[in-house]
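Q: Each chain is listed here by its residues.
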Amino acid sequence: MHGVFLACGLLTIGFVLLITVYLVVSGIPAIHRIGFFKFMFGTKWASTAAEPSFGILPFILTSIYGTAGAMLLGIPLGFFTAVYISKFAPKAVRNVLMGAVELLAGIPSVVYGLVGMLVIVPGIRTVFGLPDGASLLAAIIVLSIMVLPSIVKVSVNALDAVPREYEDASLALGANEVETAFRVAVPAARSGIAASVVMGVGRAIGEAMAVMMVSGNVANMPLLSKGGLFESVRFLTTAVASEMAYSAGLQRQALFSIALVLYLFILLVNAILNSILKKGGGK
Amino acid sequence: MKRSAYTKVLKTAMFASVALVAVLVVAFVFYVLAIGVPNISWNLLSTKPSYLSGNIGILPDILNTVYMIVTTLVVVLPFGVAAAVYLTEYAKNKRVVNAIEYAAETLSGVPSIVYGLVGMLFFCQFLGMKTSLLAGSLTLVIMNLPTVMRTTQESLKTVPQSYREGAFGLGAGKWRVIRTVVLPSCVDGIVTSCILSCGRILGESAALLFTAGFAHSLNGYFKALHNAGATLTIALYFYAKDQGEFEVAYAIAAILLVLALIINLAANLAGRRLRERRK
Numbered sequence: 000m001h002g003v004f005l006a007c008g009l010l011t012i013g014f015v016l017l018i019t020v021y022l023v024v025s026g027i028p029a030i031h032r033i034g035f036f037k038f039m040f041g042t043k044w045a046s047t048a049a050e051p052s053f054g055i056l057p058f059i060l061t062s063i064y065g066t067a068g069a070m071l072l073g074i075p076l077g078f079f080t081a082v083y084i085s086k087f088a089p090k091a092v093r094n095v096l097m098g099a100v101e102l103l104a105g106i107p108s109v110v111y112g113l114v115g116m117l118v119i120v121p122g123i124r125t126v127f128g129l130p131d132g133a134s135l136l137a138a139i140i141v142l143s144i145m146v147l148p149s150i151v152k153v154s155v156n157a158l159d160a161v162p163r164e165y166e167d168a169s170l171a172l173g174a175n176e177v178e179t180a181f182r183v184a185v186p187a188a189r190s191g192i193a194a195s196v197v198m199g200v201g202r203a204i205g206e207a208m209a210v211m212m213v214s215g216n217v218a219n220m221p222l223l224s225k226g227g228l229f230e231s232v233r234f235l236t237t238a239v240a241s242e243m244a245y246s247a248g249l250q251r252q253a254l255f256s257i258a259l260v261l262y263l264f265i266l267l268v269n270a271i272l273n274s275i276l277k278k279g280g281g282k
Numbered sequence: 000m001k002r003s004a005y006t007k008v009l010k011t012a013m014f015a016s017v018a019l020v021a022v023l024v025v026a027f028v029f030y031v032l033a034i035g036v037p038n039i040s041w042n043l044l045s046t047k048p049s050y051l052s053g054n055i056g057i058l059p060d061i062l063n064t065v066y067m068i069v070t071t072l073v074v075v076l077p078f079g080v081a082a083a084v085y086l087t088e089y090a091k092n093k094r095v096v097n098a099i100e101y102a103a104e105t106l107s108g109v110p111s112i113v114y115g116l117v118g119m120l121f122f123c124q125f126l127g128m129k130t131s132l133l134a135g136s137l138t139l140v141i142m143n144l145p146t147v148m149r150t151t152q153e154s155l156k157t158v159p160q161s162y163r164e165g166a167f168g169l170g171a172g173k174w175r176v177i178r179t180v181v182l183p184s185c186v187d188g189i190v191t192s193c194i195l196s197c198g199r200i201l202g203e204s205a206a207l208l209f210t211a212g213f214a215h216s217l218n219g220y221f222k223a224l225h226n227a228g229a230t231l232t233i234a235l236y237f238y239a240k241d242q243g244e245f246e247v248a249y250a251i252a253a254i255l256l257v258l259a260l261i262i263n264l265a266a267n268l269a270g271r272r273l274r275e276r277r278k
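So the sequence lines, in the order shown, correspond to chains A and B. Going by numbering that gives the first Met the number 0, the first residue of the first sequence is number 0, and it counts up by one from there. Going by numbering that gives the first Met the number 0, the first residue of the second sequence is number 0, and it counts up by one from there.
In short, the hints are calculated from the structure, not lab data. Some clues are possibly wrong.
[Said to hold, decoys possible] The calculated lysine-lysine pairs, modelled on DSSO-like cross-linking and capped at a C-alpha distance of 30 Å, are:
1) B:K91 with B:K173
2) B:K93 with A:K278
3) A:K90 with B:K156
4) B:K156 with A:K278
5) A:K90 with B:K173
6) A:K90 with B:K10
7) B:K91 with A:K277
8) B:K10 with A:K86
This is chain B alone, in the form it adopts within the complex (with noise of 0.2 Å):
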């Protein structure tokens, strides 16, 4: 008797549990693509906004956004997938190992807001570029190295040994086959790096505010970098806050979700593909 009220009780707890999870992230999806999908329009997203005709256009947002993914994993890929080569095919000292480890989950523990300031600190001030989409993009690769270095030191253990050995064999120098043989078999956690980082990048917003700061203007990439610009989360936040247009803030909401939702697809299949060649 006792017993079957365990289990009972465990049961209903569990069942109630996993139907309250569920419920909460359908009835979250429907009702921010509910309210959002019919306030997007092709005005919205090809204008920019003006306060002389009072328009809003998130035009600059999104190119923003895009400016600020490409920039941040231009330069974090290199010196991820680098510091990744080191500890997988370099590093025999197992303490500057360890330290290099720790220092990564220090990193992806950090708060954004802290990232922000620091940024703010270092790039816009000390380094001088000033709010702008540079200022930010750099912070931003702080906050993801340890994301790439991760990812693609897990599929870099993946590639067997017996490849390494057979290009040695054959006379090839360390460097040789870390090119040739090491980094094309491990293409696709690279690749999985690039996914879950353009997710953290696309959601980022606290690290940005005081970095990459919060205007509106319309321009080419090379100028936008020394500008400062919001990327779609800024501009979600801005006019959901300050400006009160709701109508906006849940269309931007909804172009999120549905990118959170397609990123999140993309690094379920490239990670499948990762396990798949580890088995």
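Just chain A, with the same shape it has in the complex (with noise of 0.2 Å):
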């Protein structure tokens, strides 16, 4: 039976390894064809042109400062939560809390990409007279929502583990509760609150649906300085998404190699996870 078990339990290597290849495989033509720095900084994306275009630095960028658009919106507002549902909410208002946080964490991306398209969206055409209000602020607004549950929880938890004594001491030194959680509390649950950003950053990054309904979905090179966002843009996640349907040829391992980009940068997102819960003494 061990080697049965052996074989269950290794499985899980193995599918790691099935997507890395299946993505390398595939994904390694088209950048060769197309020359790696035509591919990655290039900054026209035009598939279907008569001569087409193949640069997908719009849709890095636009994944990039949608990222950070949204962290810059999710982390205060996470933050300040979990320091309050760990440290100062009665027991009934932080079971309610946490179920309203693990509600939102269970809510399928399309309904959150429904309301965005049917609220948000407009939203933006009306508040800042646009003609359309699909855009990258848009889509940063959505995820915003969308990280808080990762940002919230692994906070909560991070903060719940820090030992009552830390508290007490500073407590008993005249430091008042506020003081406490923010200068003892805070610093003493940092890494796990870090992990919980970078899971943060994981998630948006990775979320398709969501955004290629709100975005617009024009390969837009996203020039912050030039009102760009509002401007209608496109994700990694939404640039392979949204040709598959229809790809053939080129343009189809194109799209492959957009989704081995994508791929590399979880893994960064995991490794640098990772060392930072290795720095925390695995918590």
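Build the complex from these two chains, which are given one at a time in their own frames, with help from the hints.
A: This is the structure in structure tokens:
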């Protein structure tokens, strides 16, 4: 029986290899044919034009800006909420809030996409007087809500794990509860809080359906200095999803290459997450 | 003075954040339910869509979702539980354990669109399953394996060592101990992992777009497995994005939201039982 169990245990490793091999094998040819620099740093994506151009810098930048924007909104919101839940909330309030956060995590991303499409996008259009509200900003708002559960849940766990004695000592020295929470508990839980942020980043980079529904999906270069926040953009994830159905030839291969780039980003995020957790004593 | 200002600012930031999150969740849920629920009708739930009569029904999508959940769980459970058993009961080599756990972590971070792509290449094309519910389910098996393995592993760790020693002392072999002593006492962990996986399968969309496809035909279980079929999430996406049928989309969203709520409550209950036993 030992062998059977071993085989099942090794299955996860097998799957990781399967994904890696498939992405590398199907992703490399297009990069090779287009040229690495032209592919990664080309600013124009026109896959179906008479003279096609395959530069994915717009997608990379959109993914980075979108994730950064979502974190800019999501981190403060999630961080303060987590500190309140862990250190100040009465038990009943805590349960209700944690339940709400869990629910946010369980809502399918297409539902976020739908609400974003019919509430946030028209909202942006009216508030800023634009012809169309489907934009980078809409995607950032939707993503910032979607990353909240990761940030709050993992931060609360980390804050809960801070030994009570630390806080007692701080209180005994005359610090009030707020000072104790932010100057003693938060620094003590910093690796867990950092991990929560990295997990949020992973979730934001990998999200496809919700951003596809609100970001307009045009392969524009997101130029922040020229009002790029309000432009219709395409993410790495949505670039793969939106053309796959009708793609062929080099275009299809290029889509696999985009997936490979996305996968490498995620591996990088995972490696960062692991090194943070290792430093923090595996909490 | 400076101290009290510091305290006040942070307190305000905290209450503002909590209030915003609470309002956000409540507003979101009520908004979706308020628009979606009135659009749910018996006709919507019990028919299939027809271009001829212009009728829209989501029965095929509901069935596909159920088929998808059942198929995925049936395949993933034995593998996930066996992997967990290996890690807690058999594995002696620390490096193998670390490698498996690292792989599981990597798998749980992979974006679902990447799963969809690899699923399409491997199951649909390489194994020749075409775009079908079966290919979609198998893709979801890969996605859910880490969840099942992790949850079962946590629960296996809570089985007291003395149970195993007692059984070994009576002369039972390793496999017999696992079958009769270890597994029965971690059923709640396996149930929890089932509930968590249900939630993920129900909410998954990007991984299914190119593996399970988006047909709305009404099929029996075995026929459906070999045909393309949309789950509720995919149906929502297409009704909203391609066809502009927002009422239908909201109705599906409301159904998904209620199911997500139920699954959350169930997972909480199961999780609480697990924690109580650990104490």
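Q: Decide, hint by hint, whether the structure agrees.
A: Quick rundown of the hints versus the structure:
1. B:K91 with B:K173: holds, 14 Å
2. B:K93 with A:K278: Cα-Cα ~19 Å, so holds.
3. A:K90 with B:K156: holds, 28 Å
4. B:K156 with A:K278: Since the Cα atoms of K156 of chain B and K278 of chain A sit roughly 24 Å apart, the hinted pair holds (cutoff 30 Å).
5. A:K90 with B:K173: violated, 44 Å
6. A:K90 with B:K10: At roughly 19 Å apart (the allowed maximum being 30 Å), K10 of chain B and K90 of chain A satisfy the hint.
7. B:K91 with A:K277: This hinted pair holds, its Cα atoms lying about 22 Å apart.
8. B:K10 with A:K86: Answer holds: K10 of chain B to K86 of chain A is near 12 Å, not above 30 Å.
Violated hint for the displayed structure: number 5, the only one.
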